[in-house]
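Let chain B serve as the given structure and place chain W on it in line with the hints.
In case you want the letters, here they are:
There are 2 protein chains.
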Amino acid sequence: MSHLSVHVPLDGGRAYDILIGRGLVDAVGAQAAALGAKAAGIVTDETVAALYGERIRASLEQAGLRCGIIAVPPGEASKSYACYAAVCDRLLELRIERGDLVVALGGGVVGDLAGFAAATLRRGVRFLQVPTTLLAQVDSSVGGKTGINSPHGKNLIGAFHQPRLVLADTAALDTLVEREMRAGYAEVAKYGLIADPGFFDWCEANWRGIFSGGPERDEAVAICCRAKAGVVVRDEREDGERALLNLGHTFGHALERLTHYESARLVHGEGVAIGLALAFRFSARLGLCSGQEAGRVANHLAMAGLPTRLQDVPGGSGDAESILDAMAQDKKVRDGALTFILARGIGQSFIAPGIGRDDVRAFLQDELRG
Amino acid sequence: MSHLSVHVPLDGGRAYDILIGRGLVDAVGAQAAALGAKAAGIVTDETVAALYGERIRASLEQAGLRCGIIAVPPGEASKSYACYAAVCDRLLELRIERGDLVVALGGGVVGDLAGFAAATLRRGVRFLQVPTTLLAQVDSSVGGKTGINSPHGKNLIGAFHQPRLVLADTAALDTLVEREMRAGYAEVAKYGLIADPGFFDWCEANWRGIFSGGPERDEAVAICCRAKAGVVVRDEREDGERALLNLGHTFGHALERLTHYESARLVHGEGVAIGLALAFRFSARLGLCSGQEAGRVANHLAMAGLPTRLQDVPGGSGDAESILDAMAQDKKVRDGALTFILARGIGQSFIAPGIGRDDVRAFLQDELRG
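From first to last, the protein sequence lines stand for chains B and W. Under full-length UniProt numbering, the first residue of the first sequence is numbered 1, with each subsequent residue one higher. Under full-length UniProt numbering, the first residue of the second sequence is numbered 1, with each subsequent residue one higher.
Certain hints may be false.
For chains that are exact copies, the list does not tell them apart, and a pair is met inside one copy or across any two.
The calculated SDA-like cross-link candidates involving lysine to any residue, where the alpha carbons are at most 20 Å apart (straight line), are [as the list claims (entries may be wrong)]: (1) K38 to D359; (2) K38 to R57; (3) K38 to P353; (4) K38 to R22; (5) K38 to Q329; (6) K38 to G124.
Read the hints as simulated data drawn from the structure, not as lab findings.
Just chain B, same shape as in the assembly:
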């Protein structure tokens, strides 16, 4: 089986590999056995379980591992305290010990939930990520952030826990609904916008190959994972540079919050797409980058079928003040000041702390008028 590989050189025995290629779902058993595990608890959602559950089970059993499948309902609501407790208790019932593996099979929700369960079960068991969405392959399965939601906000409860291995089966994206594919693509484009202008050029030329499942797909996933891995290795706990990965997310998270995380209205990647376009237009307004570059960003995202304006949120985004309030609830807020990721151009993003509420309000008001 040919595949691409990205090494994540974390210290303290926590280095791991991300393998990228078609058909890797069937390699889970051999890889788990190579890690010395005797048993695996597969955490997934009901949709993904129906597609890949039995293939992974067969792969694990063929490699001589005991295994059990724990399927939660699909969707963000499964990142709850109750679901977390249920998953942990099921993993204990399956007698998953410290040398065994928790396997996260699915998208970002499953990865976050399974990762947090793995981080805290017996104070930490090893886990293996098998991301099955584009978003999870390029973003949430790299970096070790795990967590669940509180009634007070998303991802407010969690842990840093690195996987032992990531198997990104790009063939799994063939069955992904178009909207999820587009949403994941917003994160792909983000890596170009943060610090890699050449990759953004490449995306403009090659994005259709990513969607259709050509070799561009594997290449794009590998480039994104490599970019994210580099940032994570340099700043694992998000004391600095890692915050750049939040380009587009300050606005995006606020929009998700205001639409009550109703995926019928807005999914994470769509919020990020609008957020990316807003971050560049806000940067242009502050005189940091040209309006032409901001336009190029929005055009490309729109070309890929993504929303780029507040008005694109079905049912509306709320007024400027509501968006500001929703941003202020972000867990990256320190002492009440707003921190944005802004850009001096495509591939030239930077952390801008202490942005005044008035500047943001005026910008949002103009956006809502426009």
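Frame of chain B; chain W shown alone:
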């Protein structure tokens, strides 16, 4: 205020101090301010809140910090998923941010629960331990183990999360009920039995001063913290030597499990006391140490008012097979083999993996007959 101090030299910016002395409860505010916190969420139980809650609040407010008190019901039942979720949500309501502090004020239950909440709130906020029982001062507040219970067993869910500071107010032990004092003393004696025969001699001569609140108390707490800190620094994640701290605990945990963690029947330290006596008698039976030394261990524990035999468990301990089954559920079990901490003499403990069930069963049967 004069106090003793133990430094815990962990790497990666995680080194911290344990201050030991009378009246340190009133130093919480100044210490929290020195750490740069703007707010503190005090997690405690209702009993301890009534004794020290307002003193700590006054201390924090005087130092200019916002604070809130979160009091859970006293007892092991508060180490539940539901209580954990409630504590996290209250800390979020109190707007505890990453630079702020969670303060654990109380015994082991509160320390474990508050520590786990601190470890996972916003993927980790700093925390400060103010242990108010002897057990917590010498054991659970050092080492960074935090956690809650699952219906499948104690401490099966948790994280390693080091405090930023421990303030062990030895005057708080003046109000401790005698039984809790004795239970904590089992862990004090344990440090002598593990690797410090001189300290065990000292305990035999000075234990009454520890109970009565003389200078021996502060000295004993400091010696125990120093011993535990040394082990933790050398083996933080319990891959090796740290397991020695479980001397007496394999038997002890099984007895706690069999008495359903009903503190009316057996508290943790009492289980440990019986476990210490059993570990030495089992070692003697295996020809590892003399029967005379095993007798000396049991005599001293009994002198301090602690139970030392299976028959001392009110309502009985169950038969040998039940005890074996309860031991097999321990989270330190790997591949089903039983690992014990045994001793070649007082202060000469070692890790003994792969002990056969038959040897243990025969020993327990004799103990139950005896």
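Report task. Any hints from earlier that this structure breaks? Give me their numbers in increasing order, please. Result -> 1 and 4
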